[in-house]
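Since the structure of chain A is already known, use the hints to place chain B on it.
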Amino acid sequence: DAGITQSPRHKVTETGTPVTLRCHQTENHRYMYWYRQDPGHGLRLIHYSYGVKDTDKGEVSDGYSVSRSKTEDFLLTLESATSSQTSVYFCAISAGTNTEAFFGQGTRLTVV
Amino acid sequence: QKEVEQNSGPLSVPEGAIASLNCTYSDRGSQSFFWYRQYSGKSPELIMFIYSNGDKEDGRFTAQLNKASQYVSLLIRDSQPSDSATYLCAAPAGGTSYGKLTFGQGTILTVHP
Chain A
1 DAGITQSPRH KVTETGTPVT LRCHQTENHR YMYWYRQDPG HGLRLIHYSY
51 GVKDTDKGEV SDGYSVSRSK TEDFLLTLES ATSSQTSVYF CAISAGTNTE
101 AFFGQGTRLT VV
Chain B
1001 QKEVEQNSGP LSVPEGAIAS LNCTYSDRGS QSFFWYRQYS GKSPELIMFI
1051 YSNGDKEDGR FTAQLNKASQ YVSLLIRDSQ PSDSATYLCA APAGGTSYGK
1101 LTFGQGTILT VHP
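If you read the protein sequences in the order shown, they are chains A and B. Using the working numbering, read the first sequence as starting at 1 and increasing by one per residue. Using the working numbering, read the second sequence as starting at 1001 and increasing by one per residue.
Just to be clear, a hint being listed does not mean it is correct.
In silico negatives: residues of chain B with every beta carbon more than 10 Å from chain A [said to hold, decoys possible]:
(1) Q1031
(2) G1054
(3) T1062
(4) L1088
Keeping only pairs whose Cα atoms sit at most 30 Å apart, straight-line, the calculated BS3-like set for lysine-lysine is [unchecked claim]:
(5) A:K57 with A:K70
(6) A:K11 with A:K70
(7) A:K53 with A:K70
(8) B:K1056 with B:K1042
(9) A:K57 with B:K1067
(10) B:K1042 with A:K57
(11) B:K1067 with B:K1056
(12) A:K11 with A:K53
(13) A:K11 with A:K57
(14) B:K1042 with A:K70
(15) B:K1056 with A:K11
Since the hints were derived computationally from the structure, they do not count as laboratory data. Glycine is no exception: its CB is placed at the ideal position from the N, C-alpha and C atoms.
Okay, chain B solo, but in the shape it has when bound:
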């Protein structure tokens, strides 16, 4: 089992809808989780991080973490065409991490007008 898995997508939503992106992880010791957005041909950029169980909101983005279920999600409210990108979930690699991150394979999101 991969350490970090994302729902494969691709995901297509209409403009103004809520996009829901999901990620599961295998290492129960993971303390922090990161969501990156990657536009086509560009590098990944951090959009959210979450350390605690529950929800964390930042503008139109909400990250949700459930450590008991080893599940982390990203909700994008009022989706815009500019949100169309690949979204990557990441968690620290197991053991002595040295800051290493393990990434999911990414979910391609398309927001259509």
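With the rest of the complex left out, here is chain A:
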């Protein structure tokens, strides 16, 4: 299994609070991604990183920010959590273009 660890695995938070999800990899892959998965929508890309301090928006980036200060860590922050951000969040890594992505175990986030 690819060495990807997400933390926390489960979290319940209140509306309006900031939340940070962490993704840690031991594969030294250049590319890292945050996806959210919701019924009827499949996996949607939130943000991605193509190197340390190099990040860009995906298709559903509003309300989220990311940071990557080290190759192995990619953080996703919900600046002010809303109920619409209740979802399962997956981190993924990839070695390059046109190659497969490997996924972490996922984080189930509930915003109440």
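Just chain B now, with coordinates in the frame of chain A:
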């Protein structure tokens, strides 16, 4: 039009039958395609990838790619109850990809004994 679309399903087949999962894509420049399997409550795992037109076989799984028709499929022969899962088709996102993948919405497969 979504970049990657899957037949919506759900799909139910008897044990031992062939399950056929289909996917169409809109970006003619896409070079590679991936099939992921996702069990309920788990993360997606790669089961097949295909780059060239034609068929690629791996055990009971066969991926088929037709670039002219922008169509990719996954056949599962001798389906087993353990194959029951959601199957996701993925293709590289357009433009400067940075390894990004666009996923279809998934097809839920149930194999009943």
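Hint check:
1. Q1031: violated, 5 Å
2. G1054: holds, 18 Å
3. T1062: Its Cβ never comes within 10 Å of chain A, the nearest being 18 Å, so this holds.
4. L1088: Check fails; 7 Å does not lie beyond 10 Å.
5. A:K57 with A:K70: holds, 19 Å
6. A:K11 with A:K70: holds, 24 Å
7. A:K53 with A:K70: holds, 8 Å
8. B:K1056 with B:K1042: holds, 26 Å
9. A:K57 with B:K1067: holds, 29 Å
10. B:K1042 with A:K57: holds, 25 Å
11. B:K1067 with B:K1056: holds, 14 Å
12. A:K11 with A:K53: Distance ~26 Å between A:K11 and A:K53 Cα, so the pair holds.
13. A:K11 with A:K57: Holds: A:K11 and A:K57 sit about 24 Å apart, inside 30 Å.
14. B:K1042 with A:K70: holds, 27 Å
15. B:K1056 with A:K11: The given pair, whose Cα atoms are some 41 Å apart, is violated under the 30 Å limit.
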